[in-house]
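Novice: Sequence:
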Amino acid sequence: MKSSQNVTYIQAIQGFSRLIRWQNLAIIVFTQYFTRFFLIGGKDLSFSYLLEIITESKLFYISLATVLIAASGYIINDYYDVKIDLVNKPDRVVIGRYIKRRWALVINQFFNGSGIFFGLLVSRKVALVNLFAVFCLWLYSNQLKRLAFWGNLMVAILTGFSLLVLAVYYPGHQREVWIYAIFSFFITLIREIIKDMEDVKGDEKHGCRTLPIIWGIARTKLLVYVLIASFIFTLFILATQLPNDRVSYIFLLMMLPLGYVTYKLVYADKPKDFAFLSNACKRIMVLGVLSMIFV
Numbered sequence: 065m066k067s068s069q070n071v072t073y074i075q076a077i078q079g080f081s082r083l084i085r086w087q088n089l090a091i092i093v094f095t096q097y098f099t100r101f102f103l104i105g106g107k108d109l110s111f112s113y114l115l116e117i118i119t120e121s122k123l124f125y126i127s128l129a130t131v132l133i134a135a136s137g138y139i140i141n142d143y144y145d146v147k148i149d150l151v152n153k154p155d156r157v158v159i160g161r162y163i164k165r166r167w168a169l170v171i172n173q174f175f176n177g178s179g180i181f182f183g184l185l186v187s188r189k190v191a192l193v194n195l196f197a198v199f200c201l202w203l204y205s206n207q208l209k210r211l212a213f214w215g216n217l218m219v220a221i222l223t224g225f226s227l228l229v230l231a232v233y234y235p236g237h238q239r240e241v242w243i244y245a246i247f248s249f250f251i252t253l254i255r256e257i258i259k260d261m262e263d264v265k266g267d268e269k270h271g272c273r274t275l276p277i278i279w280g281i282a283r284t285k286l287l288v289y290v291l292i293a294s295f296i297f298t299l300f301i302l303a304t305q306l307p308n309d310r311v312s313y314i315f316l317l318m319m320l321p322l323g324y325v326t327y328k329l330v331y332a333d334k335p336k337d338f339a340f341l342s343n344a345c346k347r348i349m350v351l352g353v354l355s356m357i358f359v
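Sequential numbering from 65 applies to the sequence shown in our numbering.
These are computed hints drawn from the structure, not numbers from a lab.
Bear in mind the structure is a predicted one, so any value in this text is a computation, not a measurement.
For each residue, glycine too, the CB sits at the ideal point set by N, CA and C.
The reader is advised that the hints may include incorrect statements.
[Stated by the list, open to error] Computed spacing ranges between beta-carbons, pair by pair:
#1 GLU120 <-> GLU268: 44 to 50 Å
#2 TYR113 <-> ARG82: 32 to 38 Å
#3 ASN343 <-> PHE199: 25 to 31 Å
#4 LEU351 <-> TYR113: 20 to 26 Å
#5 TRP242 <-> LEU195: 18 to 24 Å
#6 LEU128 <-> GLN238: 21 to 27 Å
[As the list claims (entries may be wrong)] Quick list of in silico lysine-lysine cross-link-like pairs, DSBU-like style, CA-CA up to 35 Å:
#7 LYS346 <-> LYS147
#8 LYS147 <-> LYS334
#9 LYS259 <-> LYS269
#10 LYS269 <-> LYS328
#11 LYS153 <-> LYS189
#12 LYS259 <-> LYS153
#13 LYS336 <-> LYS265
#14 LYS122 <-> LYS189
#15 LYS336 <-> LYS269
#16 LYS147 <-> LYS285
#17 LYS147 <-> LYS336
#18 LYS346 <-> LYS269
#19 LYS285 <-> LYS346
#20 LYS285 <-> LYS259
#21 LYS164 <-> LYS153
#22 LYS336 <-> LYS346
#23 LYS334 <-> LYS265
#24 LYS265 <-> LYS285
#25 LYS328 <-> LYS147
#26 LYS265 <-> LYS147
#27 LYS164 <-> LYS336
#28 LYS164 <-> LYS334
#29 LYS147 <-> LYS259
#30 LYS122 <-> LYS346
#31 LYS336 <-> LYS153
#32 LYS285 <-> LYS328
#33 LYS346 <-> LYS153
#34 LYS346 <-> LYS328
#35 LYS334 <-> LYS346
#36 LYS259 <-> LYS346
#37 LYS153 <-> LYS269
#38 LYS122 <-> LYS147
#39 LYS189 <-> LYS346
#40 LYS265 <-> LYS153
Working from the sequences, and respecting the hints, build out all of it.
Specialist: Spelled out as structure tokens, the structure:
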């Protein structure tokens, strides 16, 4: 593996961008601003109101804090998973190759502290939510990730929290925010289990006890089928609770890509197959966020 002492600044920046999953962070910002504008903001769609929300300092602090804590979570996760990733994704390893291990820890702590600080600038409640998220991310990376299902569940809960933190500060329209948080929870839980099936080789080599290792791929697929069926049933229930018929129809239409994921999962047996399904779940999440436009 290339030493972190032999890389250029450009390579280090590119590696750092990959380490913090900048695309995922962009989705977080996109989701939170969409939630504020379309779910919490009411029906005013004027340019002046859009500008007001974009320049709103408290929303900026909430989003920045969420991004910093999420980035720190990715860093500490990769810090603990270097040996596993050298087996599963050797070309994607950053820590030790582009960034020294001790600098990864320093950046992780700085991001965590900054996330809690920016949360405190909004309110004590938001700061407490952020502190809880920091603890959960550490617990996930250090312990739960290697345990069957619990790590998947923790990531799904924290994904839902990235929306619910807005409900902590903005009291209005909590029902709609909860609906989309539940949507995010389910699709993330499904995606995390699929990712475990993708990474089973390296996880098994380094002692992880994920569902595919304990149960095998076939039985884990059965659980995912149950989760997808539960998700589809939940979408149907949520669609009846949404205030706008158009959004209800969009939620129901999302059953089609979920059906496609189920079909592809039946025949998936290689890491690239599970990687494709993981990306498909991410696209379904983005489609869900876009449906906020019609609320």
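Novice: Against this structure, judge whether each hint is valid.
Specialist: Against the structure, the hints:
The hinted window of 44 to 50 Å between GLU120 and GLU268 holds, with their beta carbons roughly 47 Å apart. As the Cβ distance of TYR113 to ARG82 is approximately 36 Å, the hint placing it in 32 to 38 Å holds. Checked against the hint of 25 to 31 Å, the pair ASN343 and PHE199 passes, with Cβ atoms roughly 30 Å apart. Restraint check, LEU351 to TYR113: a C-beta distance of roughly 25 Å satisfies the suggested window 20 to 26 Å.
A beta carbon spacing of about 22 Å between TRP242 and LEU195 agrees with the range 18 to 24 Å that was offered as a hint. LEU128 and GLN238 have their C-beta atoms about 23 Å apart, which keeps the hinted 21 to 27 Å range intact. For the hint pairing LYS346 with LYS147, the CA-to-CA distance comes to about 26 Å; that is within 35 Å, so the pair holds. Note on LYS147 and LYS334: the hinted pairing holds, with a Cα-Cα distance of about 21 Å set against a maximum of 35 Å.
Simply put, LYS259 and LYS269 have alpha-carbon atoms about 16 Å apart, close enough for the 35 Å limit, and the pair holds. Of the pairs offered as hints, the one joining LYS269 and LYS328 holds, with about 27 Å between alpha carbons and a cut-off of 35 Å not exceeded. Under the criterion of a C-alpha separation no larger than 35 Å, the hint pairing LYS153 with LYS189 is inconsistent with the structure, at around 38 Å. Proposed proximity of LYS259 and LYS153 is supported: the alpha carbons are some 12 Å apart, at most 35 Å.
A hinted pair counts as satisfied when its Cα atoms are at most 35 Å apart, and LYS336 with LYS265 qualifies at roughly 13 Å. Between LYS122 and LYS189 the alpha-carbon distance is near 13 Å, which keeps this suggested pair within the 35 Å criterion. A distance of roughly 19 Å separates the Cα atoms of LYS336 and LYS269; the hinted pair therefore holds under the 35 Å criterion. Proposed proximity of LYS147 and LYS285 is supported: the alpha carbons are some 26 Å apart, at most 35 Å.
Between LYS147 and LYS336 the alpha-carbon distance is near 20 Å, which keeps this suggested pair within the 35 Å criterion. Distance check on the hinted pair: LYS346 and LYS269 sit about 27 Å apart at the alpha-carbon level, within 35 Å; holds. Of the pairs offered as hints, the one joining LYS285 and LYS346 holds, with about 18 Å between alpha carbons and a cut-off of 35 Å not exceeded. Of the supplied pair hints, the one linking LYS285 and LYS259 holds, its CA atoms being roughly 12 Å apart against a limit of 35 Å.
The hinted pair formed by LYS164 and LYS153 meets the criterion: a straight-line CA distance of about 18 Å does not exceed 35 Å. Distance check on the hinted pair: LYS336 and LYS346 sit about 15 Å apart at the alpha-carbon level, within 35 Å; holds. A threshold of 35 Å between alpha carbons decides the hint, and for LYS334 with LYS265 the separation of about 11 Å falls inside it, so the pair holds. At most 35 Å may separate the alpha-carbon atoms for a hinted pair to count; LYS265 and LYS285 meet this at roughly 16 Å.
The straight-line distance between the Cα atoms of LYS328 and LYS147 is roughly 30 Å, inside the 35 Å bound, and the hint therefore holds. For the hint linking LYS265 to LYS147, the alpha-carbon distance of about 12 Å falls within 35 Å, and the restraint holds. Of the pairs offered as hints, the one joining LYS164 and LYS336 holds, with about 29 Å between alpha carbons and a cut-off of 35 Å not exceeded. Note on LYS164 and LYS334: the hinted pairing holds, with a Cα-Cα distance of about 32 Å set against a maximum of 35 Å.
For the proposed pair LYS147 and LYS259, the alpha carbon gap of about 17 Å is at most 35 Å, so the pair holds. At most 35 Å may separate the alpha-carbon atoms for a hinted pair to count; LYS122 and LYS346 meet this at roughly 28 Å. Straight-line distance between C-alpha atoms of LYS336 and LYS153 comes to about 11 Å, which keeps the hinted pair within the 35 Å bound. Proposed proximity of LYS285 and LYS328 is supported: the alpha carbons are some 11 Å apart, at most 35 Å.
Our distance criterion of 35 Å between C-alpha atoms is met by LYS346 and LYS153, whose separation comes to about 19 Å. At most 35 Å may separate the alpha-carbon atoms for a hinted pair to count; LYS346 and LYS328 meet this at roughly 15 Å. Restraint check for LYS334 and LYS346: satisfied, since their Cα atoms lie roughly 19 Å apart, inside the 35 Å limit. For the hint pairing LYS259 with LYS346, the CA-to-CA distance comes to about 12 Å; that is within 35 Å, so the pair holds.
For the suggested pair LYS153 and LYS269, the alpha carbons sit about 13 Å apart, so the restraint of at most 35 Å is met. The suggested pairing of LYS122 with LYS147 is violated, with an alpha-carbon distance near 40 Å, which exceeds 35 Å. Only pairs whose Cα atoms come within 35 Å are accepted, and LYS189 paired with LYS346 is accepted, the gap being roughly 29 Å. Pair hint LYS265 plus LYS153 holds up; C-alpha atoms about 10 Å apart against a cutoff of 35 Å.
Going through the hint list in order, the structure does not satisfy hints 11 and 38.
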